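*Asks:* Okay, here's what each chain looks like letter by letter:
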Amino acid sequence: AQTVTQSQPEMSVQEAETVTLSCTYDTSESDYYLFWYKQPPSRQMILVIRQEAYKQQNATENRFSVNFQKAAKSFSLKISDSQLGDAAMYFCAYRSFRGGSEKLVFGKGTKLTVNP
Amino acid sequence: NAGVTQTPKFQVLKTGQSMTLQCAQDMNHEYMSWYRQDPGMGLRLIHYSVGAGITDQGEVPNGYNVSRSTTEDFPLRLLSAAPSQTSVYFCASSYSRKDTGTQGYTFGSGTRLTVV
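Going line by line, the protein sequences match chains A and B.
In this text, residue positions in the first sequence follow our numbering: the first is -10, and each later residue adds one.
In this text, residue positions in the second sequence follow our numbering: the first is 95, and each later residue adds one.
The set of hints was computed from the structure by calculation and includes no laboratory data.
Note that the coordinates shown come from a computational prediction; the quantities given were computed from them, not determined experimentally.
Take the hints with a grain of salt, since some may be wrong.
Claimed, not checked - Below, in silico cross-link-like pairs of lysine-lysine (BS3-like), each with a Cα-Cα straight-line distance of 25 angstroms or less:
1. A:K44 to A:K62
2. B:K103 to A:K100
3. A:K97 to B:K103
4. A:K97 to A:K62
Assemble the whole structure, with the sequences as input and the hints as a guide.
*Replies:* Now the structure itself:
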């Protein structure tokens, strides 16, 4: 079974600075998808960024980018120019598309605090 | 607005009571699932469905029942509520094919359930 590990329960960053959240995963599959979700205090789960494992190029969405290292099974999220609105729980997630295994597996999350 | 609708948003139950959490989506997603979120545990999969008439167990299925009679609806039933089922519950839906599944999951706004 796949597992996702987020080793940083909490992180903090100064406004306008850059922060990197770590995520590692364990799988024997070669084809899969990785996601970062944001959960602000409103409780809503918001998709931040996604990465297909077959793509070597790292995904980027505005101030959010990932460092995807397939061999190392690492998928870190970099937030540039941090804003107060970035404060939230961040979850890394893995999805397989092998038949019958389409479910999403989550890490335990990292709580990000943004200091003014 | 298109999306996943969960009801109720809050619920207090007494031990032993039963209830149904409702989930409906209007995006014609094949895949629907229920997660529970507990502090420090991330999101854990309870049950999921890959299409109408097909359901399967996730990581923590005990005490819960599901059915999928239509593509749109995926209710979660608590058979006899216990304090250990106090949690926040999320319903989520997604396309289930590789070419569309990378859009990620769409989550409902969650139900905060307290069992006393």
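*Asks:* All hints are to be evaluated individually against the structure, with a verdict given for each.
*Replies:* Evaluated hints:
Between K44 of chain A and K62 of chain A, the direct Cα distance comes to roughly 14 angstroms. Compliance with the 25 angstroms bound is thereby established for this hinted pair. Restraint check: the Cα-Cα separation between K103 of chain B and K100 of chain A comes to about 23 angstroms, which is no more than 25 angstroms; the hinted pair holds. At most 25 angstroms may separate the alpha-carbon atoms for a hinted pair to count; K97 of chain A and K103 of chain B meet this at roughly 23 angstroms. With a C-alpha separation of about 17 angstroms, the suggested pair K97 of chain A and K62 of chain A falls inside the 25 angstroms cut-off, and the hint holds.
This entry satisfies every hint, going by the numbered hints stated previously.
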